[in-house]
Amino acid sequence: MAERREYYQNEDDEVEEDEEDSGGDYKISGRDSLVFLVDASKEMFIKGEDGEPSNFDMTMQCVRSVYTSKIISSDKDLVALVFYGTEQSKNPRNSFKHVYVYHDLDSPGSQCILDIDKLLGEKGAQFAEKTMGSGETSLGDALWCCSNLYSDIKLRLSHKRLMIFTCRDEHHGGDGAKDRQARTKAADLKETGVVIDLMHLTKPGGFDVSLFFCDIVSPPEDESELGLQIEPCRKLEDLQKRVRAKELKKRSQSRLTFSLGEGVNLAVGVYVLARTATKPSAVKLHRDTNEPVRTKTRYFHAHNGGILLPNDMKRAQVYGKKQIVMEKDEVDEIKKFDDPGLVLMGFKPMDRLKLHHHIRPALFIYPEEEQISGSSCMFTALLLNCSEKNLFALCRYIPRRNTPPRFVALVPQREELDQSQTQATPPGFHVIFLPFADDIRTVDAHVGPTASDEQVDKMKEIVHKLRFKYKSDAFENPVLQQHYRNLEALALNMLEPEPIEDLTMPKVQMMDARLGPLAQEFKDLVYPPDYNPEGKPAAKRKTAESGGGAAEKKAKVEMSEEELKNHVAKCTLGKLTVPVLKDACKQFGIRTTGTKKQELIDALTMHLSK
Amino acid sequence: DVRPGALVLCMDVGFSMSNSEPGQEPSFEQAKKVIQKFVQRQVFAENKDEVGLVLFGTDGTKNGLAEDGQYENITVHRRLMMPDFELLEEIESKLQPGGQQADWLDALVVCMDLLQEETMGKKFERLNIVLLTDLNVQTSADQLDVIIDSLKKARITLQFFLPFPVDGEDRADGGGDGPGPSAAPVRPGKGLSRQQTQGLEMVKNIMTSLEEEDGLEEVYTFSDALQKLSIFKRIDRRPMAWPCHLTIGSSLTIRIVGYKAVTEEKVKKSWAIVEAQSHQRDDVKRETVYCLDDDNETEVQKDDTIQGFRYGSDIVPFSKVDEDQMKYKSDGKCFSVLGFTKQELVRCSPFMGSQVVKVFAARDDEHAAVALSALIRALDSLKMAAIVRYAYDRRSNPQVGAAFPCIKEKYECLLYVQLPFMEDLRQFTFPVLENNKKFKPSESQLSAVDALIDSMMLVEKDEDGESVDVFKVNHIPNPQFQRLFQCLHHRGVNPDDPLPPVEPWLKRDLERPQAVSARCQTPLQDVKTKFPLKVVVKKKEQKTSADVFGNQEHAFTLTSIPCEVSHFNRRSLFQVGSVNPVRDFCTLIRQKTVSFDQACQQLTHRIEQLLGNRSPEYYMKSIACIQAFRDQGAFLTGIFRSSGICSSKVKNRPSAHVELKTSCLQHALLFSDALTLISKDEVDGSTFSKQDANQVLTAFYSLQLTSFKKFV
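So the protein lines, in turn, are chains R and W.
FYI, the UniProt record's numbering numbers position 524 of the first sequence as 524, with every residue one higher than the one before it.
FYI, the UniProt record's numbering numbers position 294 of the second sequence as 294, with every residue one higher than the one before it.
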C-alpha cells in the first residue's frame, strides 16, 4: 500500500480517511491524560462470594485493559496509576504519606503492562501487600499528590481526567478535618480543569455516594441527577464499560452547520463512533542507533537540478493521447460544490432506507450549543419527531472544503440506558452514507431452484442450534492483536509472542457437537449421494442457452408449493416444462385427464387456487 | 482480462429530428447531447469498450451495404474504436442535422453489419446498439422477424432513446437497487404521427422479443438519459465473481459465488506532476531523503534504515522480514458461519467496510442453489442473520460480518456486510437531550417541526395511491465525476480558458426538489420564529494580522496585555520589572510616572535581557514586549515623533530579530502575523521603509518554515 501512495496518488482518499488527527485540532489541543487513583485499603482486597475476584483485582484488570487499549488506539495519551491508603509511600518528593505512585503520568509502554500484571490475581494481592501494604487513608493527600503529577507535566494537556476506584463510601472515619481537606483539594483539581469520576465498587450494605463523594466528584456534564444515582459496579464488564465510556475524551471530527433552509441553521458536531482500527504504519529507524528517521520529499528540475517549489509544478492527466494540465488549485476547485455543511433535503420513511445501501461506516451528530445557541432544542425537536414518525432525514453532506457532496440519511436514535444505568445508546442522529448510481453495480443474479419447505425446516433446526447473542464488541481483530503481541514479545525480550485467541475462527468442534446428526440429515435432503460440494463443479450439463434451460433444470428438484402458487398467481406456469408440471401434479396427487401442457397447467391452477 | 464490449451509437440526423415544439429543444440537439455526454464519460472513465458511430438521414451515403439504391442516406461515421478526444471534437463540430430521412430499421441493419464485421475473430463481452431516433419515418416491417432473429443469434442487445416515453406508466423498478427509468413527462399517443405510432409498435415488438418482459426497460427518453446518465450502466464493467464455500461446522459446505454489489466508486485516475513551463512529467524529479531528527538534519542512507513500530511510548525495531514471518496468517479465502443471531441485534451495530457483497449459489449448480435457498429462507422466516468469518483471499485480513437473507421476486441471495471489531468501536457518552430541561422543546415548537417534516416528505402518493420516492439518491450519478469530466473536457478543448462553472443541471440535481421547496416555505418560517437560533460570537478567535493591527484594543493572544489600569495594582510603578514587563511598561506609560523615553529604554533593556536566555518562556515574553512596543508605538505616534526616540528604539529591533533566529523558533509560528516592524505607513517617524520591513519579514517567514518542519 505504501508504495502506491507515491506521486500524490489517492490524495483524496488519504484526506478522507484522516480524521480528527489531521484537522490540526489534535496537535493544538494537546494530549489527553488519565489518572487512576485506586484505594488500596484492606476492604478492597476482600474476595467476593463464590470466588468472585476482589474489588482490587477487578480494578487492576480494568486498568490493564485501558492501558493496552491506549497503547493500541491512542498511544500519545498519558496515564498514571496511583494508590492511596497504602502503608508505604512513594511519590515524587515523598511529601505525602500513604500515597503510592505506581506509574507517573506518561504514555504507557510495554513495561507498564508488565508492572500491572504483577498486581493481578491472588499473587497480585500478595505482591501489593508486600510492596505497598494497607495503611491510613487521606484522600486529600492523594488528590494533592495527583495534582502535582499534573502540574509536573511539561506537555500541554487537553483533557484531564481522574478516576477514583474505591469500595468505601466513607474514608476518614469521621475525621472532619480530613474530609474538608479532601473536598478542598478536589475543588482545586476541578478548578484546574480536571474531571473527577467515581468508579465505586460493591460494598456490603450499599455504597452511599451522598455520604462523602458527592462533594468530591465533578458534576455530570448535563446537570441532570443521573450521574450520582448509578449503582456500584458488581461485574468486571460493567466496570470496564463504565471506565471505557469515560476514558476517551469524545472529540468531534468537525463542527458543521446543519441548514434546514431559509437561514434556519443549527450547529452540530460530527463524531466517529466506529472507525476501522488499522495496524499503525511503520516508523523508519536509523540502523545503528535505532533513532527515528524522518523523510523529506523534494522535487527538483531534471535538467538544471534546481529545487522546484509548489508554484513550479502543475498537475496533469492524459486521456486518449491528450495531456490535460491544471493548476493544483484548479484540481482542488473541481471538487468544490458548496461550503461544508449539512443541508436538509427532506424526509423519508425508514423503510426506504435499504440495508444493502452501505458504502462507508456511519458517523454520528450531536448539537453544538457553543456554536449556535438554540441548536440543542431544535435538534431535540427534530430527533423526537423523526423517531416518533419513524422517519429519517435526507441531507446533502460536505464534510470539508473542496470535497464533493454526498447524500446521507440522518437516522434518529434516542438515548437508552442499560441495566446498570450506563448510556447504552447516546441520543443523536446516525449519519448513513447513501450510494450514488455509480456506486451500485449491476449484478447478474443467479437464478436457480429454491428449497422445499422440508429442506427449509431442516435448516431452521440447524440455525436454531447455532444461535447466539451477537454483541458488536465480541470480536477482536486477530491481525491487530497478533501485531501487538509480536511487538510486546520483541519489546520485552520474550522468546515468542503470547498466542492469541482468534475469535474470528469458527469453533468447528463445538458447532459439530451441537449440530449432531442435523448436518448429515440436511445434506441428505439437498445433495444427491454422489455430490461433493467441495470438489470441482461437475461438468456443466449442456442445456439450452438461457431462460428455458434454467426451467428445465428444475425438473430434477421438486417444486415447493409456495413456488408453484407463485407461478399460478403470475400465470407463469406455462414457462415450466411438461416433466416439471407432471412431477408437480404427482406431488399433490392431482389426477389429470390428459398429458397436454395446457391440461396440466389447468389442473394445477385449479388445485392450487383453492 | 475483462473483455470489453462493443457498442454502436446510431443516431437519426434526419430533418424531422430538427423539428421542435415552441420552447423545446429539437430532438436532434437532445440526442447530440446524450451522445456527447456518453462519449465524454467513456473517454474520461477510460472505458475499454469500443464505440462506433452511425448516422442516418445524412445527405450522403457511406456504408458497406449501400447498393442499388438500398441503405441510402446512412453514414458510418466511425468504425469501432476506443473513444478518444478526437471523437469528442468531431461530435462537437461535425455532427450536423441532415436534410434527408432514412429508415431506422435499415440503419439498425447497417449497425449490425458493422458490429459483425468489426468483431469478427475478436471476442467481446457484450455487443450493444444504441438507437437515437424520433421514429418519424416510414419503415418497412417485412424484414422485422429476420432482424430480430439475427439480433438474437448474434447476441446483440438494443437500447432505444426516443423523444417520448414508450408508455405512460411508471414501471416500478426491478429489484429496488438497479436504477430504472423515471416517470415520463409526456403521455404517449398524444401528438405522435402515424409513422411514430407505427414505429413505436415495432420498437415494442423488437424489445419484447429480445428480452421478454424486461425489454421495455431499455427504452428511454432523451430527457431521462440526460438527467440520469447512469442508465448507461449496462455497458459498465461487471463485478468480478468471487467463488468460495460457505461452511457451517466441519461437514456442511455450500458452493457460493459473491459479487460486490455496492461499493464506493472512486475517481480512477490520479494527477501526475508536471513542470509548470514545459508541461513535461520527466522534468520533475522527486527525491526522498531520510534524515535524523537532530539540529543538522543529518541525512541517512535508505539502506541504513530499518523499520520499527510504536508500542505505546516505545519504538520497537521490527524488520520487514520478521514482520512477515510473525504476522497473522489467514488460511485463505473463506465464508465460514460462526453462528446465527437475531437480525435486530446486528442492525444496532455499526456497519464497517466499504462494500456490500451479494452471495449466490454457484452458477449452474442446482444442488448448491437448493441448499443456499434453504438457508436464506430459514433465516428470513426466523428473522435471523448469519455471523461469518470472511476472508477475500490468503493475503487479505479476515473480517467478521453478517449475512442477511434477501428474497426478491426473481432471485434469492445473502447480503454480506462487514461488522466492527472491538478495536474499531469508541464508546462515547453524550449528555442527555430529551430529558434535559434546558433543551426540551415546547409543545408549540414540536408541532412546528412536525408541520415542517410533513411539508418536506420526499415520498408522495401518486394518483393510484402508490408511494413514489421523488428523490432517489441511488439514481443520481455522482456529481464529482460529472464535474471532473466537464472540466477535463473543457480544458482539453480550450487549454487557456479558466475552468467553466458547474453545469446548472448538475447543481439542480443536488438541490431540494422544487415542489418540496415551495411546500415547506410557510412551515419553515414558523420554525424560524419559534426557535431562537443565535450564532455564538467567539471571544477568542485566532488572530490575523488585521485583527491585531486593526484593533489596538485587542489583547495579545497568548500573553494578555492589559491596557486598562484598573485591572491591576494601582500602586505607582517606577520601573519596568522582569516578571511582567509588558504590564509594567503599559502602566508606566499610562501613569506617566516616568517619561515615555525612559519607559522605552527600560523595556528595551528588558528585551535584551530576556533574549539572553534561550528558553521558550523568555522568548515568548520578549515577543510580547516587542508587541507592546509596537502597540504603544502606533498609538502614540505623536509622542514618538516629538521625542525623536523612535529611530533609536526601532533600530534596536533588527538586532532582536537576529537574536530570534538563534533562539527557540517554534513559537515564531504563532506570532508570524503579529510581528512586523513598524513600517512608514504605520508610524511616520519610523526610519524603516516598507521595503525594509518586508525584507525582515521575508527572512522571518523562511525561518518559520524551517522551524515548522523541525517541530511539527
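Each hint should be verified, as a subset may be incorrect.
27 Å max Cα-Cα, derived DSSO-like pairs, lysine-lysine [to be verified]:
no. : chain 1 : residue 1 : chain 2 : residue 2
1   : R       : Lys-328   : W       : Lys-285
2   : W       : Lys-408   : W       : Lys-260
3   : R       : Lys-321   : W       : Lys-269
4   : W       : Lys-437   : R       : Lys-354
5   : W       : Lys-327   : R       : Lys-335
6   : R       : Lys-322   : W       : Lys-152
7   : R       : Lys-76    : R       : Lys-42
8   : R       : Lys-76    : R       : Lys-203
9   : R       : Lys-389   : W       : Lys-507
10  : W       : Lys-327   : R       : Lys-321
11  : W       : Lys-383   : R       : Lys-565
12  : R       : Lys-523   : W       : Lys-266
13  : R       : Lys-123   : R       : Lys-190
14  : W       : Lys-48    : W       : Lys-37
15  : W       : Lys-269   : W       : Lys-285
16  : R       : Lys-335   : W       : Lys-266
17  : W       : Lys-342   : R       : Lys-469
18  : W       : Lys-408   : R       : Lys-335
19  : W       : Lys-269   : R       : Lys-296
20  : R       : Lys-241   : R       : Lys-123
21  : W       : Lys-472   : R       : Lys-507
22  : R       : Lys-284   : W       : Lys-266
23  : R       : Lys-335   : W       : Lys-342
For the record, the hints were derived by calculation from the structure and aren't laboratory data.
Now the hints, each set against the structure:
1. Lys-328(R) to Lys-285(W): holds, 17 Å
2. Lys-408(W) to Lys-260(W): holds, 18 Å
3. Lys-321(R) to Lys-269(W): holds, 14 Å
4. Lys-437(W) to Lys-354(R): Violated, because 36 Å separates the two Cα atoms, which is more than 27 Å.
5. Lys-327(W) to Lys-335(R): violated, 39 Å
6. Lys-322(R) to Lys-152(W): violated, 39 Å
7. Lys-76(R) to Lys-42(R): violated, 34 Å
8. Lys-76(R) to Lys-203(R): violated, 35 Å
9. Lys-389(R) to Lys-507(W): violated, 30 Å
10. Lys-327(W) to Lys-321(R): Violated - the C-alpha atoms of Lys-321(R) and Lys-327(W) are around 44 Å apart, more than 27 Å.
11. Lys-383(W) to Lys-565(R): holds, 23 Å
12. Lys-523(R) to Lys-266(W): Distance ~43 Å between Lys-523(R) and Lys-266(W) Cα, so the pair is violated.
13. Lys-123(R) to Lys-190(R): Status violated; Cα separation ~36 Å.
14. Lys-48(W) to Lys-37(W): Holds - the C-alpha atoms of Lys-37(W) and Lys-48(W) are around 16 Å apart, at most 27 Å.
15. Lys-269(W) to Lys-285(W): holds, 20 Å
16. Lys-335(R) to Lys-266(W): holds, 13 Å
17. Lys-342(W) to Lys-469(R): holds, 7 Å
18. Lys-408(W) to Lys-335(R): violated, 38 Å
19. Lys-269(W) to Lys-296(R): Holds, at roughly 25 Å.
20. Lys-241(R) to Lys-123(R): Distance of about 25 Å is within 27 Å: holds.
21. Lys-472(W) to Lys-507(R): Answer violated: Lys-472(W) to Lys-507(R) is near 43 Å, above 27 Å.
22. Lys-284(R) to Lys-266(W): It is violated: about 31 Å lies between the C-alpha atoms, which goes past 27 Å.
23. Lys-335(R) to Lys-342(W): violated, 42 Å
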